[in-house]
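Given chain A, work out where chain B with the ligand should sit, using these hints.
For the protein sequence lines, the chains are A and B, in the order given.
Just so we're aligned, residue 344 is where the first sequence starts under our numbering, counting upward by one.
Just so we're aligned, residue 5 is where the second sequence starts under our numbering, counting upward by one.
Just to be clear, a hint being listed does not mean it is correct.
Each computed BS3-like pair below joins lysine-lysine, with the alpha-carbon atoms no more than 25 Å apart [to be verified]: (1) A:K790 to B:K33; (2) B:K33 to A:K650; (3) B:K33 to A:K765.
For the record, the hints were derived by calculation from the structure and aren't laboratory data.
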Amino acid sequence: MSKIVILGAGISGHVAASHLRRKLDKIHEVVVVSPNSNYQWIPSNIWVGVGRMKSKDILFPLAPLYKKKGIGFKQAKVTSFFPEGDSETEKPFVMAEYVSEEKRGETEKITYDYLINATGPKLNFEATEGLNPGTNKAYSVCTYTHADHAWQGLSALIEEMKRGKEARIVIGTGHAKATCQGAAFEYILNVEQELRRQKVRDKAKITWISNEYQLGDFGMDGMLLSYGSNIMKSHEMVEMVFEDRGIEWILGSGVNKIEDGIAHYENLDGEHKNIEFDFAMLIPSFSGHGFKAFDKSNQDITEKLFKGFMLVDSDYTPKPYEEWTVQDWPETYQNPNYKNIFAPGIAFAPPHSISKPRKSPNGTEIFPAPPRTGMPSGITAKLVADNIIDSIKQQKESLDHKGSMGNMGAACIASAGFGMTKGSGISITTFPIVPDYKKYPDTMGRKLGKTFGEIGLAGHWLKLALHYAFIYKAKMRPFWYLIPE
Amino acid sequence: MTRRISNFKRFVMMNPIIQFFKFIFLSIKVLLIVAGGHGGTRETGY
Ligand SMILES: Cc1cc2nc3c(=O)[nH]c(=O)nc-3n(C[C@H](O)[C@H](O)[C@H](O)COP(=O)(O)OP(=O)(O)OC[C@H]3O[C@@H](n4cnc5c(N)ncnc54)[C@H](O)[C@@H]3O)c2cc1C
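Just chain B, same shape as in the assembly:
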């Protein structure tokens, strides 16, 4: 069965104060994934 978004979850999703901290957290997490590096896959143990 398809999951539903609860009223509480919706409140969290749209609350500007909570979302401000989420924004900081997301920005850092995205940056870490992007800046976390990349490389080849053909050497062993990449």
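Chain A on its own, in the form it takes in the complex:
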């Protein structure tokens, strides 16, 4: 009998837990440890942040589902890792602190045979002075509560605009090394459309601010894509969309301080500037959770498990941008020091960024960190689950399932406005996610037929269809497993 403990019930943790439970005999235990009582479909937070969906539409409680499916659930947050056990406990374990009402503050050693760390990112608002969602007129849409606050802030501003106020709206990244530009991109287009719907668009100046060197970088070094009969760079496509929507842009900028209605930033020319706003949505930097790890004799071995995020089978040797290859990227998400620990989704430490690193003359690094969107998070979680299932069934380590982001496609269906007839979406697919400049030297590291963009109403329908399909899948309704990650 094996016990598999999964930390986190986001996209990757939940995907891993559901596949493990479906494919493993009930004599094996599957336990999820996560502080959040609800599963949330994060991509739809964009629509919560413009008031077109309620947060209840994008979440459901985990405990009843896990009870029904025979998955153990502890509403707790993990604080430290003991991959060798300790003087009292033979088996490896994690230390968790309960956050549920009944058990708040209680701690427990949770032992495991296999551990999946799917704790995603820490939303590191503290890294930017004054950036705290809902204060200083700056908001976030990274969680459903943040998105609810953002909509409260935006709708109050819309009411003022209806009374004649001229407003400045700033949306983008809130740190020099933030990632998740795609989410901010979706949000700015949805806000723009909402202002038009509310007939106050003429009252607002909307500005995109980002650490990208060029528009459309998305933390992926941009891409060359086919768009209808044209071949264009992603920056040309995004410029075209922003121009069409009357959105201005400030690039190569690392926001470093927020005051009431003012964002201070440094740009790649080394200039320190600021921009005033009446409403801002700025994505914070993502970091590891600051977990500690200890060996059997209680010595700190954090560096064997973590480098910010969790260490996996990447090549972490520091090398210049020109020498980076797709082979640096992990394939099995297994920790090299403790072979029964895995980290899919955002929880693994990437070997380096995907976008070219850039510094200002003052030495400040200003470029996006590598994104790991929902699709690769789900795919990597499933392959980790499959390797664990094989290892349990064959009673020896099996790592046949592999999935490098350098040999994996991703689809980004970016909402550009909500509405069955007036909505819009920008659908971009990329293959591979991490550009392979050796294999595809003439097309910016990507395969052209599989890297394409489309703009239009169909994109909105597709994003909406994905919302319902993925919530259906997450609720583990009949044949859920036929829906791909």
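Frame of chain A, contents of chain B with the ligand only:
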């Protein structure tokens, strides 16, 4: 110079009938890319 979206292009982007077929096409294309598989990169000829 930044490209512009022409009126014709905008018509195509927002026409529900054309977009219905685009929706089918996009769904299949996205599915093929997702279900098209993934793998490692460290073996030769991956
Ligand atoms: C606004 C927004 C829009 C997005 N839109 C898209 C999109 O359209 N398409 C797309 O592909 N991707 C999108 N993404 C990215 C996508 O949401 C992420 O890639 C995905 O959520 C990553 O999954 P994950 O499971 O690795 O991390 P998460 O989803 O962040 O899950 C982490 C889990 O770990 C738990 N946890 C945290 N700390 C602990 C602890 N100490 N102990 C135990 N558990 C812990 C959390 O509660 C959570 O359940 C978007 C992201 C944002 C923020």
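Quick rundown of the hints versus the structure:
no. : hint            : verdict
1   : A:K790 to B:K33 : holds (14 Å)
2   : B:K33 to A:K650 : violated (37 Å)
3   : B:K33 to A:K765 : holds (23 Å)
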